[in-house]
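Enquirer: What follows is the residue order along each chain.
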Amino acid sequence: MNFLRGRDDEHMALKMTAMIDVVFQLLIFFLVATKFRVPQGELDAYLPDEGAPKTTQERDVPVDELIITLRVSQRGASNPDAEPSVLLDGQSAGPTARSGSMRWLESELRRLAKDPRMRENVPIIIEAEPHLAYQWVIYTLNLCRMPDIGFEKVNFAASKRNAPAPAGKSPPG
Amino acid sequence: MHVTKRFHSEELELNMTPMIDIVFQLIIFFLVVSEIASYDRVENLTLPTASEVKPEPPMPDRLVISVDRDNQIIIDRRVLNIDGVEGYLRVEKKRGGTDGVARRPVLIQGDKYCEWSVVQDIMEKAAPLGFKRLSFSARKEEGG
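Same order as they appear, the protein sequences are chains A and B. For the first sequence, the working numbering gives the first residue as 6, with consecutive numbering after it. For the second sequence, the working numbering gives the first residue as 30, with consecutive numbering after it.
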């Protein structure tokens, strides 16, 4: 009983000052040392195997590959946010389609992807002009990865500037 | 005098409990929602947006190559030219494995306005050296 009464004594109040000091220090530290996390992720890409034989086995597909060509549009020369002009498989859309826009490419890919043989077997090759803003390549890659399009093989064309294909170079040393 | 006496009275002790609760809440909030100035971030880099990004898996051995808006290639906070990148990748490859396969996955984080040719050059240096696992960094775009 005596013990219990001792506990109720007012002198038992905890001294919080030190703890609050530390807690405030922590708070200030995190306020200063942090950056808000951007919702960021990644898109996978795989680089081709060096010297691996091209597997041109019998595939029951209408075309061997789909080439998406991205060119800097007229407006794009001054404004990197302007959409590039798009060619699919070297051919732009017919006069009826909204040729050359990303929206057109999206609908075209969606149409092609209805055929699962296309989706699984036909590689897409993205061939972008060197001066094109990087965001449009990512945009196109993202288009190919959309759940209702879902092309599995997406590659990038080698640049034509480096005349010998880099895959053929043997690393010195 | 009366005032001083009241001031010293024990009844005036502040009740700190709710304040400490709130301060702890704040600390937990900042712990969760933030990341401490990260090792692979480059200032002034605006990532392109994409809807289909996957969350970055924790890969401590990953090689981060950044390209900023002025087409400068940055690895480990150092600005390199394309030959420097090739040399760097070659050293990394030697360190990687015995079978000539570079193990480290490569993450390219390019500014949305950098030129594609810079990224293309990096890829063309990396591919023959055996860096196969490559991914591009992008900001998650809400919706599609």
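These are computed hints drawn from the structure, not numbers from a lab. One or more of the hints may lead you astray.
Cross-link-like lysine to aspartate or glutamate pairs, in silico, EDC-like; alpha carbons within 16 angstroms at most [unchecked claim]:
1) Lys158(A) / Glu125(A)
2) Lys141(B) / Asp90(B)
3) Lys158(A) / Glu134(A)
4) Lys20(A) / Glu42(B)
5) Lys141(B) / Glu88(A)
6) Lys161(B) / Asp90(B)
7) Lys122(B) / Asp90(B)
8) Lys158(A) / Asp120(A)
9) Lys119(A) / Asp153(A)
10) Lys169(B) / Asp90(B)
11) Lys141(B) / Glu125(A)
12) Lys83(B) / Asp49(A)
13) Lys169(B) / Asp49(A)
14) Lys161(B) / Glu115(B)
15) Lys123(B) / Glu170(B)
16) Lys161(B) / Glu121(B)
17) Lys161(B) / Glu132(A)
18) Lys83(B) / Glu170(B)
Enquirer: Which hint numbers doesn't this structure obey?
Expert: Hint check: 2, 3, 10, 11, 15 and 17 fail, others pass.
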